[in-house]
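Peer 1: The chain contents come next:
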Amino acid sequence: MSLYTQAIENVKAAHLKAIQSFMEKNFPEIMLDQDAIKAEFERYFNDSTENAELLEQELITRYGMEEMQKQWARKGKGARRKRNG
Amino acid sequence: MPDRITYEEILALASEREEVYGPMWAAMRKDWDCIIASASWRNALIPEYVKGFPANYTPKVPPIAKKALELFRTTVMVGEEPEVKIPLPKGMRSSKENRRKRTAMEDFAKAWVYNAATLSGINPFVDILNKQGGLGMGGICAAFDFEKWPKPLADVDEETLEEYEKKKKCFPWKVSVISPRGFMPDPWHDPPEDYIIKDKLNARVARKLYPHLTAAAEKGKLERLIYCSKTDYAVYIGAEAALAGGVEDNPMGDLWYETVWSGNGELKEDNEVEFLGQGIIRNARDTIAMIVQAINVAEIKRNVAAFTPLHYSAEDKTEAEEAARATVFGPDAILATSHRVKIETFPQADMPREVVWTNEQMIMWLRIIYGQDILSGASTTDTATTLMKNISLAEAPFKPMRVNAEQAWANVLRKVFRFLANELHDEQVSLPYRDGAIMTLNRADIIEGCPIEVNYKPPTDEERAFNAARDAQLLELHQISPEEFRRRQGIEEDEEEQQKILEGLLMYHDAVVGASAMVIANQIAPQPTPTGVVPEVPGVAQNGAGSDQRMQTSPQQVAVNQAQKMYEVPLGTQ
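Top to bottom, those sequences are chains A and B. If you read the first sequence in the numbering used here, its first letter stands for residue 30, the second for the next number, and so on. If you read the second sequence in the numbering used here, its first letter stands for residue 280, the second for the next number, and so on.
Keep in mind the hints are simulated off the structure, nothing from the lab. Note that the Cβ used here is the ideal one computed from N, Cα and C, for glycine as well. The reader is advised that the hints may include incorrect statements.
Beta-carbon label-pair distances, calculated as ranges [to be verified]:
1. A:Lys67 <-> B:Glu706: 49 to 59 Å
2. B:Lys375 <-> A:Ala68: 30 to 40 Å
3. B:Thr719 <-> A:Ala65: 51 to 61 Å
In silico contact screen, one side only, chain A against chain B (beta carbon under 7 Å); selected entries [as the list claims (entries may be wrong)]:
4. Val40
5. Ile59
6. Tyr73
7. Phe74
Please work from the sequences and hints to get the whole structure.
Peer 2: What follows is the structure in structure tokens.
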């Protein structure tokens with residue numbers, strides 16, 4: 030399983046868990062069908078990401094930039110610490 | 280036993296190489312005279328060039344060559360030591376173990392460079408720039424110090440073991456730079472197969488270094504001749520062998536010398552090296568002499584203008600001479616003469632236009648040789664791109680020298696790793712590093728064939744930020760791959776970290792959040808199955824005007840609003 034696929038699976042699981050706890054807390058009267066929710070989530074997700082390659086490319090591009098920003102934030106902190114002795 | 284080279288053969292080789300390198304050394308001597316001209320010009324080259332001044336005038340020699348060398352050094356080098364990077368060889372799998380080894384090698388190389396720069400009185404990384412940049416060539420010596428490196432112990436008590444461990448945290452290399460005059464790499468092979476070095480050393484030092492010496496003088500300077508090939512090593516002081524066995528086995532099994540050419544010169548058509556070793560002074564010598572001459576001419580003209588020579592005349596020459604002797608020059612000076620004495624200023628020649636032209640020529644030539652003085656005109660309103668371009672232009676004339684020096688140190692480090700790969704077995708070598716850190720390398724950490732990148736001028740924080748922004752743009756335009764982006768930014772290939780980052784990005788991605796919102800919306804207010812006939816909805820004006828119907832939020836919107844509430848708290852992947 031590629032990094033990307035694994036990441037998507039983990040994120041889907043996290044969202045399903047979050048949906049479930051949100052519904053239980055705010056709409057306890059509604060009975061939840063786990064499998065139906067999962068299938069529905071998959072359907073909506075697949076509908077909105079027809080071009081999976083583009084999504085992957087977009088994520089990787091954003092990943093590169095965010096990683097860079099994180100690195101610079103770390104370096105900036107180091108430099109500040111140095112300056113402040 | 281292998282055939283050893285003999286003393287006679289070494290002498291013959293040395294003599295042959297002196298002929299090869301002799302003309303280059305002669306030119307380098309003049310370069311050196313130029314560099315030290317300001318400090319000791321009377322005995323050196325400049326008087327040969329700067330002539331024709333009045334007998335009682337002392338020409339002034341500004342340190343142009345010296346300053347050019349300093350400019351070169353400060354342009355190509357930042358800090359005390361170069362930066363070292365050791366990436367994994369192309370195509371090698373970036374596994375956790377390989378990444379650990381790579382980091383161990385890189386940390387060790389950094390510590391090696393740090394020790395070499397800080398432990399010796401003369402920083403070899405700076406010194407080699409002086410030699411190859413200033414004169415045209417230099418040599419690096421990086422010999423392993425077997426005496427400093429403690430021998431492995433077997434069956435010892437704890438105290439001895441502790442002592443041994445302490446001793447092991449040393450820097451067991453002798454790193455120095457060799458002056459080009461007397462440094463004779465094998466000129467017929469590239470890379471050289473052997474080295475001959477002729478230098479002088481103090482008699483006391485010689486006796487301490489080579490205890491076997493008996494015939495050598497006790498005082499003064501002695502001539503030393505070193506021969507080093509991959510198999511043989513010999514040292515002679517005068518004609519006396521300094522090593523016990525005369526010519527011995529090369530203890531490192533490798534050449535611990537490295538030749539560094541300036542990269543500025545070229546071989547003559549018959550492969551003679553006279554013009555191969557030329558530094559930044561060689562072609563600027565005449566221009567420097569012209570500038571020195573011009574400065575002194577201007578100085579004389581200024582003096583003459585300030586203290587203009589006077590011409591006294593009278594009917595009687597004696598009377599004119601007396602009046603001249605009585606003259607006191609200066610403010611408030613009063614001079615009384617008879618009406619027969621006439622005082623006139625000496626006629627002065629105007630400065631012809633050609634003089635101004637030659638001044639411009641000299642400046643132009645200096646700019647051609649040492650680069651434009653572009654940074655002096657930098658404005659605070661210049662964009663970062665302009666400044667970067669200017670810095671890059673300023674570096675242009677010196678780039679080949681910088682690259683050659685970097686490659687030479689990379690070769691030295693390659694030899695260090697090669698030597699350790701052969702020498703270390705179960706042992707490890709530890710080097711002290713900044714802030715008391717100890718960098719340890721095991722034999723198993725050494726990855727053969729790792730590229731070694733030495734950078735004399737690692738980018739500053741500002742340059743890094745600039746490069747990062749530019750690379751991010753290239754990445755967005757798909758002109759570089761994410762892998763290339765990470766390589767340029769020095770981002771490690773860490774799969775776990777990458778996955779976390781991807782998850783972080785996906786967690787709030789529109790596609791995922793949208794899917795969640797739709798699921799919640801459908802749970803709260805299930806959508807009716809489409810029947811195929813859509814009822815006509817009466818037109819509603821903006822804000823509900825003209826209609827008695829109130830604005831209603833659709834069940835979908837309610838769900839989306841609810842979902843948004845949900846995302847006010849961060850989601851976790853657990």
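Peer 1: The structure should be examined with respect to each hint, and the outcome stated for every one.
Peer 2: Going down the list of hints, with the structure as the test:
Distance hint for Lys67 (chain A) and Glu706 (chain B): a CB-CB separation of about 57 Å, consistent with the stated range 49 to 59 Å. Restraint check, Lys375 (chain B) to Ala68 (chain A): a C-beta distance of roughly 37 Å satisfies the suggested window 30 to 40 Å. Separation of Thr719 (chain B) from Ala65 (chain A) is about 58 Å and conforms to the stated range, judged on CB atoms against 51 to 61 Å. Restraint check, Val40 (chain A) versus chain B: the minimum CB separation of about 4 Å is within 7 Å; hint holds.
Hint status for Ile59 (chain A): holds, given a least beta-carbon distance of 6 Å to chain B, under 7 Å. Interface hint at Tyr73 (chain A): satisfied, since its Cβ lies 4 Å from the closest Cβ of chain B, which is below the 7 Å cut-off. At about 4 Å, the closest approach between the beta carbon of Phe74 (chain A) and any beta carbon in chain B falls short of 7 Å, and the interface hint on this residue holds.
This entry satisfies every hint, going by the numbered hints stated previously.
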